[in-house]
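> As they're listed, the protein sequences go chains Z and X.
Start counting the first sequence at 3; every next residue gets the next number (our numbering).
Start counting the second sequence at 3; every next residue gets the next number (our numbering).
Mixed in with the good hints, there may be bad ones.
Same chains, same label: a pair holds when it works inside one copy or across any pair of copies.
To be verified - In the DSS-like style, the derived pairs of lysine-lysine whose C-alpha atoms are separated by at most 25 Å in a straight line are: (1) K183 <-> K447; (2) K302 <-> K100; (3) K349 <-> K278; (4) K183 <-> K226; (5) K410 <-> K64; (6) K149 <-> K252.
Honestly, the hints are just simulated from the structure, not real lab data.
Number of protein chains: 2
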Amino acid sequence: MSVSINEIFIHPELYDQKKITVQGWITNIRGNLKIMFIELNDGSSFKNLQCVLKSDNIDLSKAENLAIGEAIEISGVFSSTPERQQNGEVLVENLEVKGRNYNNNFPIQNQEISLEVLRQIPHFRHRTRLFRAIMKLRSSLFYEIHKFFRRQGFVNFSAPILTSNDGEGAGETFIVDDEQKDFFNKKTTLGVTGQLHAEAYALGFKKVYTFAPTFRAERSNTRKHAAEFWMIEPEVAFFDLEEIIELATKLLQKVIKAVIIRNKDEFTFLEKVGDKNLRRRLIQFCDSQVAQVTYEDAIKLLSEHKDQFEEKNLFFGADLKTEHERFLSEQIFRAPVVVINYPKSLKAFYMHQNDDGQTVAAFDLLVPGIGELIGGSQREVRYEKLHERISELGMKVEDFQWYLDLRKFGNPGSSGFGLGFERLLMFVTGIDNIRDVIPFPRTNKNILM
Amino acid sequence: MSVSINEIFIHPELYDQKKITVQGWITNIRGNLKIMFIELNDGSSFKNLQCVLKSDNIDLSKAENLAIGEAIEISGVFSSTPERQQNGEVLVENLEVKGRNYNNNFPIQNQEISLEVLRQIPHFRHRTRLFRAIMKLRSSLFYEIHKFFRRQGFVNFSAPILTSNDGEGAGETFIVDDEQKDFFNKKTTLGVTGQLHAEAYALGFKKVYTFAPTFRAERSNTRKHAAEFWMIEPEVAFFDLEEIIELATKLLQKVIKAVIIRNKDEFTFLEKVGDKNLRRRLIQFCDSQVAQVTYEDAIKLLSEHKDQFEEKNLFFGADLKTEHERFLSEQIFRAPVVVINYPKSLKAFYMHQNDDGQTVAAFDLLVPGIGELIGGSQREVRYEKLHERISELGMKVEDFQWYLDLRKFGNPGSSGFGLGFERLLMFVTGIDNIRDVIPFPRTNKNILM
Numbered sequence: 003m004s005v006s007i008n009e010i011f012i013h014p015e016l017y018d019q020k021k022i023t024v025q026g027w028i029t030n031i032r033g034n035l036k037i038m039f040i041e042l043n044d045g046s047s048f049k050n051l052q053c054v055l056k057s058d059n060i061d062l063s064k065a066e067n068l069a070i071g072e073a074i075e076i077s078g079v080f081s082s083t084p085e086r087q088q089n090g091e092v093l094v095e096n097l098e099v100k101g102r103n104y105n106n107n108f109p110i111q112n113q114e115i116s117l118e119v120l121r122q123i124p125h126f127r128h129r130t131r132l133f134r135a136i137m138k139l140r141s142s143l144f145y146e147i148h149k150f151f152r153r154q155g156f157v158n159f160s161a162p163i164l165t166s167n168d169g170e171g172a173g174e175t176f177i178v179d180d181e182q183k184d185f186f187n188k189k190t191t192l193g194v195t196g197q198l199h200a201e202a203y204a205l206g207f208k209k210v211y212t213f214a215p216t217f218r219a220e221r222s223n224t225r226k227h228a229a230e231f232w233m234i235e236p237e238v239a240f241f242d243l244e245e246i247i248e249l250a251t252k253l254l255q256k257v258i259k260a261v262i263i264r265n266k267d268e269f270t271f272l273e274k275v276g277d278k279n280l281r282r283r284l285i286q287f288c289d290s291q292v293a294q295v296t297y298e299d300a301i302k303l304l305s306e307h308k309d310q311f312e313e314k315n316l317f318f319g320a321d322l323k324t325e326h327e328r329f330l331s332e333q334i335f336r337a338p339v340v341v342i343n344y345p346k347s348l349k350a351f352y353m354h355q356n357d358d359g360q361t362v363a364a365f366d367l368l369v370p371g372i373g374e375l376i377g378g379s380q381r382e383v384r385y386e387k388l389h390e391r392i393s394e395l396g397m398k399v400e401d402f403q404w405y406l407d408l409r410k411f412g413n414p415g416s417s418g419f420g421l422g423f424e425r426l427l428m429f430v431t432g433i434d435n436i437r438d439v440i441p442f443p444r445t446n447k448n449i450l451m
Numbered sequence: 003m004s005v006s007i008n009e010i011f012i013h014p015e016l017y018d019q020k021k022i023t024v025q026g027w028i029t030n031i032r033g034n035l036k037i038m039f040i041e042l043n044d045g046s047s048f049k050n051l052q053c054v055l056k057s058d059n060i061d062l063s064k065a066e067n068l069a070i071g072e073a074i075e076i077s078g079v080f081s082s083t084p085e086r087q088q089n090g091e092v093l094v095e096n097l098e099v100k101g102r103n104y105n106n107n108f109p110i111q112n113q114e115i116s117l118e119v120l121r122q123i124p125h126f127r128h129r130t131r132l133f134r135a136i137m138k139l140r141s142s143l144f145y146e147i148h149k150f151f152r153r154q155g156f157v158n159f160s161a162p163i164l165t166s167n168d169g170e171g172a173g174e175t176f177i178v179d180d181e182q183k184d185f186f187n188k189k190t191t192l193g194v195t196g197q198l199h200a201e202a203y204a205l206g207f208k209k210v211y212t213f214a215p216t217f218r219a220e221r222s223n224t225r226k227h228a229a230e231f232w233m234i235e236p237e238v239a240f241f242d243l244e245e246i247i248e249l250a251t252k253l254l255q256k257v258i259k260a261v262i263i264r265n266k267d268e269f270t271f272l273e274k275v276g277d278k279n280l281r282r283r284l285i286q287f288c289d290s291q292v293a294q295v296t297y298e299d300a301i302k303l304l305s306e307h308k309d310q311f312e313e314k315n316l317f318f319g320a321d322l323k324t325e326h327e328r329f330l331s332e333q334i335f336r337a338p339v340v341v342i343n344y345p346k347s348l349k350a351f352y353m354h355q356n357d358d359g360q361t362v363a364a365f366d367l368l369v370p371g372i373g374e375l376i377g378g379s380q381r382e383v384r385y386e387k388l389h390e391r392i393s394e395l396g397m398k399v400e401d402f403q404w405y406l407d408l409r410k411f412g413n414p415g416s417s418g419f420g421l422g423f424e425r426l427l428m429f430v431t432g433i434d435n436i437r438d439v440i441p442f443p444r445t446n447k448n449i450l451m
């Protein structure tokens with residue numbers, strides 16, 4: 003029977019001494035005239051299936067020219083060996099070559115290649131162990147996020163990506179259409195958030211979320227910025243700031259726990275080549291209460307360590323840079339930390355204005371190694387306050403009239419946040435460049451294939 | 003305890019005679035000085051929760067100004083009434099108004115509004131029963147698709163949306179960047195397919211899929227075209243045409259069956275207001291073998307009914323129009339039908355060229371009411387054949403060199419298809435305009451909010 007390698011490894015007892023057929027790619031091959039060993043991988047499992055070819059059972063000349071990367075189909079009897087590390091092996095009776103290499107230049111061999119070199123071949127790099135691990139984790143995490151929201155009773159909602167107004171009220175957007183190009187007959191950009199539209203759907207469905215690609219014409223070439231990335235944005239009616247922070251924490255803790263259980267082999271490998279404490283650190287986060295600090299207190303705490311920063315000008319109203327965010331979580335709290343109540347001048351127009359007249363009910367969740375992982379807020383539900391803020395910021399009121407109108411009919415207030423999927427994946431894998439957690443990354447001046 | 007209406011309806015016995023708190027929106031209100039009835043909906047369930055207010059238990063003046071659309075929180079004791087249609091009711095002891103209407107102009111009242119009028123208020127229309135049903139089904143179907151692929155061992159893969167080459171080799175694309183705008187320093191468009199990139203990932207992971215927004219600068223204003231829609235694209239290495247057709251059929255049958263079971267109330271409502279045979283038709287499809295016909299035979303069959311068509315010129319090489327596609331499935335096969343082996347001139351460059359020298363190993367799955375729901379193919383794995391076809395069509399070989407290179411290393415061939423999510427939703431709901439199954443639809447000259 004034709005079966006995936008993952009299926010065999012999950013239930014080796016079911017396949018013990020049975021004849022199986024497996025299709026996959028050669029990741030290693032060695033041996034001599036009497037016996038050969040092929041490590042086969044079909045992508046279903048991080049681990050390879052060991053295939054043994056003995057000259058008694060099969061004409062070894064069939065295998066003598068095989069190379070790493072080639073696609074084959076093998077049949078043979080599987081033996082479960084639970085006592086050994088490799089779980090079992092197949093004694094091959096039949097081998098068919100399904101896809102040869104044209105020449106000896108297949109770039110993925112069993113030697114280390116730098117991440118920079120691999121970034122030049124995004125169409126091949128997932129055939130290394132490192133990228134197999136990352137991309138399998140990416141897929142798992144992706145699914146666990148959908149599962150979390152589904153189980154929590156959320157409605158998945160597709161926010162439009164082509165938009166004629168800009169959620170953040172500023173920012174670098176890609177322009178897709180304008181009066182000249184006349185497809186839509188108005189300036190149309192790639193949306194930077196689905197939040198405004200999600201707020202509309204939270205009224206009526208209460209709990210909604212979007213999980214979709216997002217675009218920023220971000221010219222800074224940093225480790226954590228990409229022009230195209232995926233974002234998770236839940237929006238919940240009736241929720242205030244504290245409730246949405248609780249949801250954010252719960253989401254992270256649940257999905258991280260789930261992938262730690264499901265993707266044991268990938269984590270074992272990542273710890274071998276990278277951060278030895280990866281899982282320990284993640285589990286610690288999953289099992290703790292996340293600390294909370296006001297922006298005002300955060301500034302005070304950071305001010306005591308001015309000598310550590312490039313940007314030393316820290317005052318109420320100063321924008322926290324990545325170095326400050328990381329210092330807060332890495333050095334001061336030594337764990338992820340939530341900062342709340344930012345000055346309204348630093349945040350978008352739609353956030354709930356606190357009674358102090360200075361701050362808004364916003365939060366950022368900061369994590370070690372990255373800085374901001376999540377940004378969210380309670381939304382301003384008061385029509386007049388929101389209208390005033392839109393005018394104050396010089397935004398066109400008529401562009402946001404529909405959004406203002408959401409305040410007119412049965413709006414109990416709502417809260418939500420944005421979680422960058424790739425930043426989460428960086429946090430979970432310990433990989434420190436966003437280009438290495440996206441299959442085909444897009445950054446400024448850089449669009450390969 | 004605070005609870006969702008869906009939770010109560012799933013386990014009414016757990017909440018019977020218990021005090022509960024529910025937050026939601028008023029969908030109906032009636033009564034007199036002694037007793038009032040509020041129908042409450044919180045989006046978790048299609049059905050409303052009946053709330054009874056008696057002057058003995060609560061000061062009815064609290065409720066006298068309430069209106070449809072307003073947000074409230076109620077507490078009271080729930081009584082399960084399994085014998086009655088409404089499943090149970092709450093005797094309200096406490097009521098808090100959480101979001102009032104500013105005036106009496108809330109557009110969603112208990113009277114019929116035309117779909118055209120509702121299209122002008124996409125930020126409110128989901129608060130009608132019809133759009134609540136459609137959007138809840140959309141969310142369910144979305145999740146079931148991810149679940150299907152996960153269970154089948156697929157790796158979710160994010161194809162890039164910003165691309166510098168165009169998968170279909172032609173077609174109307176949105177341009178995001180060019181040499182002048184200089185963000186990427188080359189012509190960059192919104193991708194029309196993730197397939198080419200998915201093929202790269204199928205090598206190594208074997209089974210991959212993408213499910214993401216797709217863009218077409220499509221100027222024809224039809225019932226089934228949108229400028230932005232979601233597409234499901236699986237790609238499987240080692241699969242040939244027949245195997246990928248089997249996967250397509252299985253996917254449709256599984257996810258449709260799943261939502262029929264999960265979304266009973268939504269279907270009951272859709273059948274009440276629309277197609278009475280909706281579920282019967284869908285179940286029949288799920289339980290049958292899907293018929294298959296070659297393009298050549300399809301042309302012959304259609305030629306016998308020329309008088310039925312606007313486009314009567316039917317010959318080997320003619321592009322099937324929607325009228326032909328629908329006639330095939332509605333009149334000739336009276337069920338969904340798969341057409342295979344199209345002339346290569348009608349299809350994209352990457353399809354496997356059959357031995358007859360004229361056709362490619364492509365398939366379209368046609369369904370009643372819509373026409374093409376799925377299009378897919380076995381891919382051309384032979385480097386020379388593919389190279390030749392790219393040149394023949396006048397496409398720039400250097401743009402596709404990376405794609406050609408996929409043929410060089412361990413490529414056993416792959417097959418895949420594209421399924422328009424919204425077309426599937428139209429098929430499943432019986433809704434006949436794509437604008438009514440997308441929260442905020444984008445079409446030519448039409449981008450509201």
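> Confirm or reject each hint.
Outcome of the hint check:
Proximity of K183 and K447 under a CA criterion of 25 Å is satisfied in both settings, with 24 Å inside one chain copy and 11 Å between copies. Proximity of K302 to K100 under the C-alpha cut-off of 25 Å is found in neither arrangement, the shortest distances being 64 Å within a copy and 37 Å between copies. Taking the closest pair of Cα atoms, K349 and K278 never come within 25 Å of each other, the shortest separation being 37 Å inside a single copy and 51 Å across copies. For a Cα distance limit of 25 Å, the shortest separation of K183 from K226 across copies, 23 Å, qualifies, whereas the shortest one inside one copy, 33 Å, does not.
For a Cα distance limit of 25 Å, the shortest separation of K410 from K64 across copies, 20 Å, qualifies, whereas the shortest one inside one copy, 75 Å, does not. Taking the shortest Cα distances, K149 and K252 sit within 25 Å of each other both inside one copy (13 Å) and across copies (22 Å).
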